[in-house]
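K.L.:
Chain by chain, the residues run as shown.
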Amino acid sequence: MSVLQEINPNVRNLKHLEYVVLARRANQIKEELQQVLAACLDPTLVNSDKLPADARQRAQRLLGGCVGGSVGSYTATAGISEIVHRISEFITRRDGGVPSHPENIYISPGSQWALTNILKILVNSKSSSQTAVLTPLPSHSTTSLSITSLGAVAIPYNLSEEQGWALQMEELHRALEFAKGLYNPVALYVINPGNPSGHVQSRKSMQDVIRFVSEKRLFLLADEVYQDFVYGEHEFLSYKRVLAEMGPPLADTVELASFHSVSKGFMGEGGLRGGYVELVNVDPAVMKYIFKKFSMDACAPVLGQLALDLMLNPPQPGDPSYPLYNVETRNIKTAVANNVKRACEVVNSLPGFCCQPVQGGAFAFPRLYLPPKAIQKAKEMGMQPDTFYCLRLLEENGVFASPGCEYGQKEGTHHIRFCILTPEDTMEELLGRLTSFHTQFMKDFS
Amino acid sequence: MSQQAVNGVQSRGKVLTLDNMNPNVKQVYYAVRGPIVQRAVQIEKELKEGVKKPFTEVIKANIGDAHAMGQKPITFLRQVLALCSYPELLEDTKFPEDAKKRARRILDACGGHSIGAYSASQGIECIRQDVARYIEKRDGGISSDPDNIFLSTGASDAIVTILKLLVCGEGRDRTGVMISIPQYPLYSAALADLGAVQINYYLDEDKCWGLDVTELKRSLNAARQHCNPRVLCIINPGNPTGQVQSRQCIEDVIRFAKEEHLFLMADEVYQDNVYAEGCEFHSFKKVLFEMGPEYSNTVEMASFHSTSKCYMGECGFRGGYMEIINMDPEVKAQLIKLVSVRLCPPVPGQALLDLVVNPPQPDEPSYATFMKERTAVLAALAEKAKITEQIFNTVPGITCNPVQGAMYTFPRITLPQKAIDKAKAEDQAPDMLYCMRLLEEEGICLVPGSGFGQREGTFHFRMTILPPTEKLKIVLQKISAFHLRFTQEFS
Numbered sequence: 001m002s003v004l005q006e007i008n009p010n011v012r013n014l015k016h017l018e019y020v021v022l023a024r025r026a027n028q029i030k031e032e033l034q035q036v037l038a039a040c041l042d043p044t045l046v047n048s049d050k051l052p053a054d055a056r057q058r059a060q061r062l063l064g065g066c067v068g069g070s071v072g073s074y075t076a077t078a079g080i081s082e083i084v085h086r087i088s089e090f091i092t093r094r095d096g097g098v099p100s101h102p103e104n105i106y107i108s109p110g111s112q113w114a115l116t117n118i119l120k121i122l123v124n125s126k127s128s129s130q131t132a133v134l135t136p137l138p139s140h141s142t143t144s145l146s147i148t149s150l151g152a153v154a155i156p157y158n159l160s161e162e163q164g165w166a167l168q169m170e171e172l173h174r175a176l177e178f179a180k181g182l183y184n185p186v187a188l189y190v191i192n193p194g195n196p197s198g199h200v201q202s203r204k205s206m207q208d209v210i211r212f213v214s215e216k217r218l219f220l221l222a223d224e225v226y227q228d229f230v231y232g233e234h235e236f237l238s239y240k241r242v243l244a245e246m247g248p249p250l251a252d253t254v255e256l257a258s259f260h261s262v263s264k265g266f267m268g269e270g271g272l273r274g275g276y277v278e279l280v281n282v283d284p285a286v287m288k289y290i291f292k293k294f295s296m297d298a299c300a301p302v303l304g305q306l307a308l309d310l311m312l313n314p315p316q317p318g319d320p321s322y323p324l325y326n327v328e329t330r331n332i333k334t335a336v337a338n339n340v341k342r343a344c345e346v347v348n349s350l351p352g353f354c355c356q357p358v359q360g361g362a363f364a365f366p367r368l369y370l371p372p373k374a375i376q377k378a379k380e381m382g383m384q385p386d387t388f389y390c391l392r393l394l395e396e397n398g399v400f401a402s403p404g405c406e407y408g409q410k411e412g413t414h415h416i417r418f419c420i421l422t423p424e425d426t427m428e429e430l431l432g433r434l435t436s437f438h439t440q441f442m443k444d445f446s
Numbered sequence: 001m002s003q004q005a006v007n008g009v010q011s012r013g014k015v016l017t018l019d020n021m022n023p024n025v026k027q028v029y030y031a032v033r034g035p036i037v038q039r040a041v042q043i044e045k046e047l048k049e050g051v052k053k054p055f056t057e058v059i060k061a062n063i064g065d066a067h068a069m070g071q072k073p074i075t076f077l078r079q080v081l082a083l084c085s086y087p088e089l090l091e092d093t094k095f096p097e098d099a100k101k102r103a104r105r106i107l108d109a110c111g112g113h114s115i116g117a118y119s120a121s122q123g124i125e126c127i128r129q130d131v132a133r134y135i136e137k138r139d140g141g142i143s144s145d146p147d148n149i150f151l152s153t154g155a156s157d158a159i160v161t162i163l164k165l166l167v168c169g170e171g172r173d174r175t176g177v178m179i180s181i182p183q184y185p186l187y188s189a190a191l192a193d194l195g196a197v198q199i200n201y202y203l204d205e206d207k208c209w210g211l212d213v214t215e216l217k218r219s220l221n222a223a224r225q226h227c228n229p230r231v232l233c234i235i236n237p238g239n240p241t242g243q244v245q246s247r248q249c250i251e252d253v254i255r256f257a258k259e260e261h262l263f264l265m266a267d268e269v270y271q272d273n274v275y276a277e278g279c280e281f282h283s284f285k286k287v288l289f290e291m292g293p294e295y296s297n298t299v300e301m302a303s304f305h306s307t308s309k310c311y312m313g314e315c316g317f318r319g320g321y322m323e324i325i326n327m328d329p330e331v332k333a334q335l336i337k338l339v340s341v342r343l344c345p346p347v348p349g350q351a352l353l354d355l356v357v358n359p360p361q362p363d364e365p366s367y368a369t370f371m372k373e374r375t376a377v378l379a380a381l382a383e384k385a386k387i388t389e390q391i392f393n394t395v396p397g398i399t400c401n402p403v404q405g406a407m408y409t410f411p412r413i414t415l416p417q418k419a420i421d422k423a424k425a426e427d428q429a430p431d432m433l434y435c436m437r438l439l440e441e442e443g444i445c446l447v448p449g450s451g452f453g454q455r456e457g458t459f460h461f462r463m464t465i466l467p468p469t470e471k472l473k474i475v476l477q478k479i480s481a482f483h484l485r486f487t488q489e490f491s
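Protein chains in written order, with my numbering: chain Z, 1 to 446; chain E, 1 to 491.
A couple of the hints might just be wrong.
Stated by the list, open to error - Simulated coverage check for chain E against chain Z, where a stretch passes if three residues somewhere in it have a Cβ under 8 Å from a Cβ of chain Z: (1) 19-33; (2) 77-83; (3) 315-326; (4) 339-348.
Claimed, not checked - Chain E is faced by these chain Z residues, among others (derived, beta-carbon under 8 Å): (5) D42; (6) S70; (7) R217.
In case anyone wonders, no lab produced these hints; they're calculated from the structure.
Glycine included, C-beta positions come from ideal geometry on N, C-alpha and C.
Okay, chain Z solo, but in the shape it has when bound (with noise of 0.2 Å):
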């Protein structure tokens, strides 16, 4: 909402479609997750039949690794001892047997306040130029904010809209020697799926990164957090792995940290500030050091570090939620399959408008060809012609879409962004809208 309700203030009190994010429906997986923190919360409710039995014995088992019972405690900084063991499970299932250590785990409220923490290590104020971070570009604004308002400096690498937003190397190269003429840079941040890109890397590009930052002597900084996201033939493979399986030396050698959270995927608890940073490769006395930054936030809020551990160690085969769970997620994927599929179809039957295939992630972030009178109009509104494409469509139609400029984009070139996460008929009714709004846009400019 930021920029256009910079614009109109108004905007906050317009009516707008409302999608609660697709993910939050499941059933299963929300219910088990409010029966079990409100057991935690009240623990009268562990010996009440009100709540199923596998809710309760969940509840018990989680109040017992938390001090004095109550989750009223504070933790230990890296979080619940046991929750951070079973996150090091979880991270090892995930990849296919790589082993992954509970010591290099943390929990923090929310990924972007790991990452917060980890740039602080990163960024040195004390060498003779500016600490710089290579950003992709588009981007969301918040870890280029957070990279800022530590002192150092966000370099953009620009994504290739033709090659569907992929990160192209020549293109790291590019910014990294722009970087060395004049800052420090430090460190590579990737984000995959990307936001608001879709983009899901190849394991070769992967790799190539990885090679990268082994040569450039780069920290990789890799945000995760739509892994369970991931459309159509594509995999989600996390750098952890792709490192792992490269073997030694680079699996031995490259310096990386990796983002997930229950923000996203199918817990979308956004509110509850759950997530997870998992250290490879650091050097053990630096170490050190990350425990006492995390140490000064004392720990995790610890109703985020349940929700953590229960979106990562879902109903497996065999436990009696297990087939309704299997059901929802499966009918999640279907529905969201679907709405890229139809996302992509309409916007890309529109003149004036291109998406590029959604392979992963929570949005779409189709590319505007606006006429030239909308764009003079914009700029004698004192506005960016995306930013107001998105207030018309949000005031005559009722549709939240961001505007491109908001995530950096070409000079000249113009994009919005919208969420695809939604039940399968708000998609509709939102393409319809979008549709409607769209073809008499471009025929008022024209």
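With chain Z held as given, fit chain E onto it using these hints.
P.N.:
Structure of chain E alone, referenced to chain Z:
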């Protein structure tokens, strides 16, 4: 992939090393979770593994965590939170109407009626409104603007955020921040982390840790030689010292801040924890406004509160807020931007805060139980404060100021010269040596005074008064006995 090895460096050096990492972070030292706690955790592991020790459990009297020490959560708070978490329970007759009413209201204010949804970065609007109303009520009607309220992930988050905004400049112009000695080490850690200059002003141990403006002036003038002092931090009631500042003192501090053009940070997280006769909590905001427009229109201030202390003790929720006064609107716009980086504070913590500022009223069904529980918690703390002072003062070599408020005692210990020498030879603070010994011999974990700051040549420890009364008495006896043994051993 090889296991993380102690000597992880192979033939080429690491990309991220001690030499090129952020040098400020290397200066960070947060004693409350420092080396003594790490040793305590190790000992706990050893006990679990069956290693024989002179004790069967480690008593963690190092951290202000009430629930960890057995304090029970307040029923009403947890009922509402359970309802918010699993709204199906709203149909359950076991939950009282006033709890359900508040749960519904909170859920209505949440995206998609769920505490799992992100909220606005500044915090849920109706909760900020409730906080403002609470502040107005507390401060005798002085108005509070919800837009000046920022909900946060514990008070610590808000404190660090404000410091971030305030710290700038290079060399002699680098921002200086005044903080009491002794202090809660989040401040010293944050200042080190931000590369700000820490300006120490000493509390007067002989005057029950009172604050004197002459000391403020002395410390400020000295600091002006090498930095640009812009901020004055004060913790009231104090941590670790527990003193509750008099109204006169608060006025003096405000006057000083105005004269010296300092931004005032008032950490008031222990505002309900006041025990001593004749002591009363006065909020800095209230006093500021009662001093008239000359002050209330000009002094820039931020006040902090939290759900972790008082009678709630809900540390694990990470709930808190700050109220900013007289902040430049352009700076406030930057603050709003800065808090957006964290997305939003944990919504359960926001909900909890809403209940703290909106407790059951006399005409509501939960009122009686709520007040009973609240009173019991605070009364127990008051009793424990007294017992602690009494018992420690019977021990030769331990002097304990009255615990007027907060949750800690910070007694002064006299250490034999031999012990001091031994510690120095081992490059350890003498009170750290003392506390480590206590931990190994009795399984009691305290934090040495060196972690909080103290006058040169004096030694202290900080102990919480949170263990249940009977256990606390045993702990006090054990520490007393230990002190005598220790003194004997090193005489």
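K.L.:
For each hint given before, does the structure comply? Return the numbers of the non-compliant ones in rising order.
P.N.:
none
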